Amino acid sequence: MEKKDVVLENVTKKFGDFVAVDDISFSVKRGEFFSLLGPSGCGKTTTLRMLAGLEKPTKGKIYIGEEDVSEVAPFERPCNLFFQNVALFPHMNVSENIAFGLEMKKLPKSEIEKRVKELLDVVGLPGFEKRRTKELSGGQVQRIGIARALARRPRVLLLDEPLGPLDLKLREEMMIELKRIQKVVGTTFVYVTHDQGEAITMSDEIAAMKEGRIIQIGSTEELYNKPRTAFVAEFIGRSNLIRGRYREGKVNLNNLNKSIITGPHKVADNDYVAVCIKPERISIGEDIANLDNVFEAVIEEVYFRGAQINYKVLMEGNYKISILEHYKGKIFEQGKKLKIGWEKEDVHLSET
Amino acid sequence: MLRYIFRDIGEKGFKFYFFLFIAVIYLPLVLLVVFSFNDSILMGFPWRGFTLRWWEQFLHNPTALGVVKNSFIVASVAAVVSTALGLLAAFVLVRHIFRGKNLITYSIMLPMLFPGIVVGISILIFLRSVLNIKLSLFTIMIGHILFSLPYVTLILMARLIGFDRSLEEAAYDLGASEFTTFRRITLPLIMPGIFVALFIAFTISLEDVVIAHFLAGAQATIPVFVYGQLRRWSGLPMVMAISAFMIMIMAVLLIISLISARRRY
Amino acid sequence: MSISNKILKLIRKSEKLSIGMQLSPAMFWIVFFLLIPLGILVIYSFWEMVGTRLIPVWDLRNYVDVFTRVGGMYIRLFVKSLAMSALVTVGSIALAYPVAYFVSLRIEKYKYTWLILLMGPYLVCWVILVLGWKMVIGYSGLLNYLGQLLGLISEPMSWMWNNWWAVVFILIMGWAPWLVLPMFVSLEKIDKSLLEAAADLGAKPMKRFLRITLPLSSPGLLVATFFVLIPTFGEFVTPALAGGSRGVMYGNAIDASFTSMMAWPFGSALSIFLMIISLIVATILIRIVGLEKLMESL
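Heads up: the protein sequence lines correspond to chains A, B and C, in order. The first sequence finishes on residue 943 if you use my numbering, and the numbering steps up by one all the way, no holes. The second sequence finishes on residue 453 if you use my numbering, and the numbering steps up by one all the way, no holes. The third sequence finishes on residue 302 if you use my numbering, and the numbering steps up by one all the way, no holes.
Just chain A, with the same shape it has in the complex:
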């Protein structure tokens, strides 16, 4: 059996009457990049703070490694937290910041210096020891924050929306950087974010959360291609959802007297389902009759994005559909009536 670094068993957290985290259980394998993904207020940050020991669970048990840490103070836990705002100590320089956790461990000075140097190499900022925190750029602050959190060689590094304050370009850079650092040090990362792009880019596994509960846990591909519910489908990869009733390999649509051919699925007949189709799986054009499903549509909006074109179309039955197509030198204009379609293999059924 694989080693688990983090295990949560039926953890609940209440603030007064408000249930922030509602009976969740999951485990994270050693060395994995694990993301808690969900909209704000879904309980993901509270979950992370409970792992860090900054909040106490109302019910349930938390294990880090094999140890039950439910009663262990934050400063004695084998995990470290990377803060949303990084929280570098403003009155200390870079090496003092990184060394802080090591000093608390009472390591000898020479060992501390060695480790600080190593860590700065890992995060790609060698020679930054004497810099003051005010002199660092946004991306550098993040890297130093990670170095500081990794200094004590925690079993688990907890990250709370670390890329939130960065601009788009820097964020993309840091995503790659984070993943690289994680591979180099081999530490288990538990990552909290509301950004599906970040989660998809970096994670090995994702737990999608909503209103204090975990809706689905799985590999990134699984969540992307086979969202269990409409919520997950909309949140990850921005699927198009068309609701209807399943019957014998078809879904009869609510708004339209037609059906979508889906092939056989493990769904009971007459169940209400959401058909989800990824924007990039839909074809658009005037002559696509050879697909399994073809519908009439009108183009409402066109967004040209260079390599891709994003069409927002209104399908018959008043369904708004988003389509991503590779740009091959041709753009359909707004208001054009045409056809859209997809194969039955490109369809996934989720709970509504």
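Hints in this document: simulated from the structure, not taken from any laboratory. Everything numeric in this text was worked out from a predicted model, so none of it was measured. Glycine included, each C-beta is placed from N, C-alpha and C at the ideal position. Warning: the hint list may mix true and false statements.
Claimed, not checked - Now the stretches of chain A that chain B is said to cover, found in silico as 3 or more residues with beta-carbon under 8 angstroms:
#	region
1	673-684
2	687-701
3	854-868
Claimed, not checked - Derived contacts from chain C toward chain B, CB cut-off under 10 angstroms, selection only:
#	residue
4	M25
5	M77
6	I79
7	W118
Starting from the known structure of chain A, arrange chains B and C on it as the hints suggest.
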């Protein structure tokens, strides 16, 4: 065209007013310092030549020197004690929610809501008629600690409200205990606020005449001594030297705060 | 774990205990040296004093006396002092506001250096400030000297000293430097793009000032009012030194009944009036502006 000329005059007028304001508020102080060297027993114009007589009188007068010493003792003790009291209270008022918090905040602000004279006389009659304590430097300290408390507490509260708690959490997370976190993170970061509080409390005490006037016994502070001399209009030239001395202290305090402000902004 | 940590943990166990422990020194000071003394002040205002002995007679005579003694002089003094305080407040704010405005909107570099410089004279104690102003407007002060030197006046102008006018003038000049800061703070908070937006919408400079800058800086004006009005109500030092016999204020009457006249109960009754009016004004002002604004201004 005319509009622009008027606007120009308006802008220049503003600038003129600004520098005039500074000149006028400093004028009396400059005159005092200059005329403390005037060779005349009458206080005021005209200038009759340079002398160090009044400064010598002041520096050889044991009463006057004692008064200076008293002022610094009282101000130092009052500043330290009121800052300590204010710091403890500010921590609780900013970081905890409890019943009666508003009432307690309001009562700590109370000394600021009365004129100093009311504070002075009420402490006076309490100490004299109820506790039967003799007036001394100690009684002045009591009054000054009370009077600075709201200012000090407000300053420290403002600092603590602006304090990023996640810095403390980061320290816990990195293995620091509560005490170590306070010593290594919280205290260094609020130190500037503590210095401002000490500075304000020290200044309030050093410059106060209202409360000290009622609570001073045989031992006076500088303002009380000068007030007494002025009311009798006696020993005037020497009083001018003492006043000039106080103004110079003010200038030193001002320069200190200028330097520390430069560093911060 | 060290001993201090153990103690801290123990304290933390009971949050209420720790709150109490941290608040008690300050609250002790407030209760013991303010609330109880004020209570005694109230009690004494119903007593009487014979020689140096206080006698609990429990009547309202002292309050009646405030209105009737010396033909109602005290109550007239009270009203006059209020009027003088109001005048000082308006005057010092009017002097300081343009300065705060200039620092906030016209000075770009070293704003805080200028601000500290502006506060300087306030750091000097009132007694010395009054003495300094005597050097300017007194009988042998700068103005009279220059006037005579230039032949504008034949003899020193005596109207400038030893009257209520001199008191008001010195108080205005003394308070103005201190008021720049609170007004600066609230001017500084105004989003400068609002003014540009108003200009863009066609508002002339004067309109812009009256419709945007002034209303948005009103918290600063109220804090400034609070800073001047309360202490000026009880002012007695400046009138004693610069007011002569006609420039005395209510505070001088209180001072005299405690220091020279030994009339504590009557002085207590006088103080109660002062206390009540300052408490009302202060509470109203703090209610309007809030403690936060007061904090920013310190």
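Requested in this report: Establish whether the coverage given for the region 687-701 of chain A by chain B is satisfied; the threshold is a Cβ-Cβ distance below 8 angstroms, and no fewer than three residues must meet it.
Outcome: holds (count 4)
Query - Three-residue Cβ test at 8 angstroms for the coverage of the region 673-684 of chain A by chain B - result: holds (count 7)
Query raised in the report: Does the nearest C-beta of chain B fall within a distance shorter than 10 angstroms of the C-beta of M25(C)?
Result: 8 angstroms, holds
**Report entry** Restraint outcome when I79(C) is required to lie within 10 angstroms of chain B by C-beta distance
**Finding:** 18 angstroms, violated
**Report entry** 8 angstroms C-beta test of the region 854-868 of chain A against chain B, three or more residues
**Finding:** violated (count 0)
Query - Status of the W118(C) interface restraint (C-beta, 10 angstroms, chain B) - result: At about 8 angstroms, which falls below the 10 angstroms cut-off, the nearest Cβ of chain B leaves the hint on W118(C) intact, so it holds.
Query raised in the report: Close enough to count: is the Cβ of M77(C) nearer than 10 angstroms to one in chain B?
Result: 19 angstroms, violated
Hint violations for this structure: numbers 3, 5, 6, all remaining hints satisfied.
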